Amino acid sequence: MTQLSPTSTGMLSNLNTLLSRYAESMMWLARYMERIENLARLIEVTEAFVRGPDGKTVWETIVQINSDEERFQALHPAATEQDYIQFYITDLANPSSIKGMASAVRENARSARPLISTEMWMHLNVFTRWVLDLDPSDIRRTGLSALCNRIKQDCQTHTGVTEGTLYRDQAWLFYLLGRHLERSDQITRLIDTRYHTLLPCEEEVGSEIDTTQWASVLRSAAAYHAFRRLQPVTTTPANVVGFLLKNEGFPRSLALNLRQTDAVLAALSAHYNLRRQNYAIQERLSELRATLEDQTAEEIIIRGLHEYMHWIQAQIEAIQSEAASAYWPPIEKLHVPECYVEQ
Amino acid sequence: MKSNVLQSQAQEAGIFSAYHRPEFFCELMNRGEELPEALRQVQERLAHFDIKELRHRTANAETQLYRLGITFTVYTDREAIDRVLPFDVIPRVLTAEEWAFIERGVQQRVKAINMFLWDIYHDRKILQDGLIPADLVLKNANYCQAMVGVDVPGGVYVHINGTDLIRDRCGRFLVLEDNARTPSGVSYVIENRHMMLRLMPDLASGMPLRSVEDYGLRLHRALCDVAPEGVENPQVVLLSPGIYNSAYFEHVFLAREMGVPLVEGRDLLVENHHVYMRTVAGLRPVHSIYRRIDDAFLDPLAFNPESLLGVPGLVEAYRRGNVTIANALGTGVADDKAVYAYMPRIIRYYLNEEPILGSVETHICAEPEGLAFTLANLEKLVVKPVGESGGYGLLIGPHATESELEDFRQRLQDNPSNYISQPVIDLSVAPTLCDAGVEARHVDLRPFALTGKSTWVLPGGLSRVALRKGSLVVNSSQGGGSKDTWVMSV
Numbered sequence: 001m002t003q004l005s006p007t008s009t010g011m012l013s014n015l016n017t018l019l020s021r022y023a024e025s026m027m028w029l030a031r032y033m034e035r036i037e038n039l040a041r042l043i044e045v046t047e048a049f050v051r052g053p054d055g056k057t058v059w060e061t062i063v064q065i066n067s068d069e070e071r072f073q074a075l076h077p078a079a080t081e082q083d084y085i086q087f088y089i090t091d092l093a094n095p096s097s098i099k100g101m102a103s104a105v106r107e108n109a110r111s112a113r114p115l116i117s118t119e120m121w122m123h124l125n126v127f128t129r130w131v132l133d134l135d136p137s138d139i140r141r142t143g144l145s146a147l148c149n150r151i152k153q154d155c156q157t158h159t160g161v162t163e164g165t166l167y168r169d170q171a172w173l174f175y176l177l178g179r180h181l182e183r184s185d186q187i188t189r190l191i192d193t194r195y196h197t198l199l200p201c202e203e204e205v206g207s208e209i210d211t212t213q214w215a216s217v218l219r220s221a222a223a224y225h226a227f228r229r230l231q232p233v234t235t236t237p238a239n240v241v242g243f244l245l246k247n248e249g250f251p252r253s254l255a256l257n258l259r260q261t262d263a264v265l266a267a268l269s270a271h272y273n274l275r276r277q278n279y280a281i282q283e284r285l286s287e288l289r290a291t292l293e294d295q296t297a298e299e300i301i302i303r304g305l306h307e308y309m310h311w312i313q314a315q316i317e318a319i320q321s322e323a324a325s326a327y328w329p330p331i332e333k334l335h336v337p338e339c340y341v342e343q
Numbered sequence: 001m002k003s004n005v006l007q008s009q010a011q012e013a014g015i016f017s018a019y020h021r022p023e024f025f026c027e028l029m030n031r032g033e034e035l036p037e038a039l040r041q042v043q044e045r046l047a048h049f050d051i052k053e054l055r056h057r058t059a060n061a062e063t064q065l066y067r068l069g070i071t072f073t074v075y076t077d078r079e080a081i082d083r084v085l086p087f088d089v090i091p092r093v094l095t096a097e098e099w100a101f102i103e104r105g106v107q108q109r110v111k112a113i114n115m116f117l118w119d120i121y122h123d124r125k126i127l128q129d130g131l132i133p134a135d136l137v138l139k140n141a142n143y144c145q146a147m148v149g150v151d152v153p154g155g156v157y158v159h160i161n162g163t164d165l166i167r168d169r170c171g172r173f174l175v176l177e178d179n180a181r182t183p184s185g186v187s188y189v190i191e192n193r194h195m196m197l198r199l200m201p202d203l204a205s206g207m208p209l210r211s212v213e214d215y216g217l218r219l220h221r222a223l224c225d226v227a228p229e230g231v232e233n234p235q236v237v238l239l240s241p242g243i244y245n246s247a248y249f250e251h252v253f254l255a256r257e258m259g260v261p262l263v264e265g266r267d268l269l270v271e272n273h274h275v276y277m278r279t280v281a282g283l284r285p286v287h288s289i290y291r292r293i294d295d296a297f298l299d300p301l302a303f304n305p306e307s308l309l310g311v312p313g314l315v316e317a318y319r320r321g322n323v324t325i326a327n328a329l330g331t332g333v334a335d336d337k338a339v340y341a342y343m344p345r346i347i348r349y350y351l352n353e354e355p356i357l358g359s360v361e362t363h364i365c366a367e368p369e370g371l372a373f374t375l376a377n378l379e380k381l382v383v384k385p386v387g388e389s390g391g392y393g394l395l396i397g398p399h400a401t402e403s404e405l406e407d408f409r410q411r412l413q414d415n416p417s418n419y420i421s422q423p424v425i426d427l428s429v430a431p432t433l434c435d436a437g438v439e440a441r442h443v444d445l446r447p448f449a450l451t452g453k454s455t456w457v458l459p460g461g462l463s464r465v466a467l468r469k470g471s472l473v474v475n476s477s478q479g480g481g482s483k484d485t486w487v488m489s490v
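Quick note, the sequences are listed as chains V and G, same order.
Position 268 of the first sequence, counted from 1, bears residue number 268 in UniProt numbering, the numbering being contiguous throughout.
Position 101 of the second sequence, counted from 1, bears residue number 101 in UniProt numbering, the numbering being contiguous throughout.
Next comes chain V alone, as it looks inside the complex (with noise of 0.2 Å):
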């Protein structure tokens, strides 16, 4: 992965300054803005695709799949399809919502805004003041879709501007790190949800079921036509769990994103003397990837899907802890290193 690491030795001089709190901003300011084009992307597919044994919209996976649960239940009682929608896109109270997020995606990228590109800031100051000027009539205006399409569209050029206007230092790695733990969390929360709504009794698991249910499943992923492409492949639970999950060429895997976040923080060691940081989340990694190279789709379902999900987002969630413990301890974990001690 030479892309991780800076080659001129014009760095050497910047070696390891990067602030506890730019680290911290660069790494949420990724996650959530895959989160919201993760958000955009389900609720479109879900008003398109996604529908329950009576033909209607199933609004309550995204609701599941964000863990809100409760709250949402003491807020909409007996909710409607704008209950959904308002939650999820304009409510700001909800910090899953779009809005909510938008807002914590302002606040990180002022924070960072003396690290990042102006062309990164100039775009997320006015996607994010958009968002947040959003209402209920916007999206009746725009329709669901366009309005789903627009923020995900903005989502992808954030990532583009990101891509190549961003210095490759300390900044972008910790930046990485957050993209794709954040997608290793929302494949897997993505996977369990629907794999309950879908499949209830485990003696489906090699058959051919309603097509029409995992194929929007693969959407909700964007990884329909990547699915599509291996051409043999049928669409069965298996199938499709093993894609997202284990394929190594599809950006949203697990797998990809796992032995990416793996490189990201070999590159920290390597070229930032951050070894000793770095122990401890890459222990948690290496086991996290083995118990996922070591068996199939079948085996993983028929072991317990919804059990090893929530396993690896508890895993991915002590990583998150751990990096934030070994990179912005607090204060009072925090030691004058011997070198600077006054003589």
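There's no promise every hint is true.
[Claimed, not checked] DEER-style ranges, computed between Cβ atoms:
id, chain 1, residue 1, chain 2, residue 2, range
1, G, N475, V, S67, 46 to 52 Å
2, G, L351, V, E338, 46 to 52 Å
3, G, L138, V, P95, 52 to 58 Å
4, V, L92, G, I396, 40 to 46 Å
5, V, T159, G, E79, 28 to 34 Å
6, G, S205, V, R284, 57 to 63 Å
7, V, E81, G, E404, 58 to 64 Å
8, V, R284, G, G259, 33 to 39 Å
9, G, D202, V, S321, 54 to 60 Å
10, G, K125, V, E338, 44 to 50 Å
11, G, G259, V, H306, 48 to 54 Å
12, G, A436, V, R71, 53 to 59 Å
13, V, E338, G, P344, 53 to 59 Å
[As the list claims (entries may be wrong)] Stretch-level coverage of chain V by chain G, calculated; a stretch enters the list once three of its residues show a Cβ under 8 Å from a Cβ in chain G:
id, region
14, 20–26
15, 108–118
16, 121–131
17, 270–276
18, 328–337
Since the hints were derived computationally from the structure, they do not count as laboratory data.
Computed from a predicted structure; not experimentally measured.
By construction, the Cβ of each residue, glycine as well, lies at the ideal position given by its N, Cα and C atoms.
Following the hints, put chain G in place on chain V, whose structure we already have.
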């Protein structure tokens, strides 16, 4: 060719056709003498634009500034609004001679201010010699006890200084006030130039303009110059109150231009009287701090214990010489509005030179004769509270109503030492694009001076313009805008 000539004659009047030649000194149209060559050229080029075109470009500038987030935040009770500082597309132009004069004047003033600060925090000779009342200095709200006897590197207290200059009816440059604490606005000087070059390439092209690009590098160098002795490759940081501060854009701008981290109080830590910043690789030493936080909030142990913005222990680390803070603490005495009245004497006292830049005649209401004069001539004077900034709380006599005058008369009698008064100066004007066309609006100028081993003045400075017709208040919080300031190199 011929039609071009005709056309240019037709437009000769152009945007200036309705320009009411004012009785004031006008930076571009009426200098009471033949226009210098550099200015004539600018005026000619400008005349070829039409108003519609200028408006179009102005709208463009506004959109760009907003998108770029070159904004300041105004907080109301309910919300935070990001505002663009209105940008006027007609530049304010200074000739090479004018600039050379300003530059010398500012350098002289900064030197005297630094010597004055050293003296009042050490030997207090100027007080003993009776040149300035001791109470005015020692009992000044901005006099900082913690600075007494502290030796700052190179004797520099004011590393970054902003001098507010105005021009009177004859075009004489006068100092209106000094800004020796944390002067702001320099980012607009540089961003205004960028905006000008993007928006008006046809106006600027080929003009011999002095560059403003160097500021960040010079600032970094000055901060390295004054780092604690013996430190190689000092770590410089910019200390900001954070993303909610109204000047956060400028903090970001300066940190980026210097290539140093923008830190908040919570990013710093003092241990064993040394300052460190929290990085992903652990604590790293910090040597020079360009702070954009007021004295009172710098260190909860030394000053305001409620402050969450500061760094506990910072002041003691500073007093021990382990870190440099720029500007130093307690510099507010030097830019106090009452001390201002003594500046010509201060300059003569320390430098044995005549002040290069003039001052505005000032009556100190703390003194009985000053108060008496002020009360007797209130309707002709500008009265300013000594502690306020941003153009707040002042009275402009000729523009005031009878009840406003009465109100101030009372305030002056209740608390005379809080006020000074000055005659109303007919600030110079510059042609400015307004709703009704190009009109004369009052302007001032804030050049920025950086002092490390020596003093360097950024060519030009911030030209603020009072956009309201007849208004003399140029502050951004009071309806002011800004112009690009051109210093001609020849």
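### Hint check, failures only
Result: no hint breaks.
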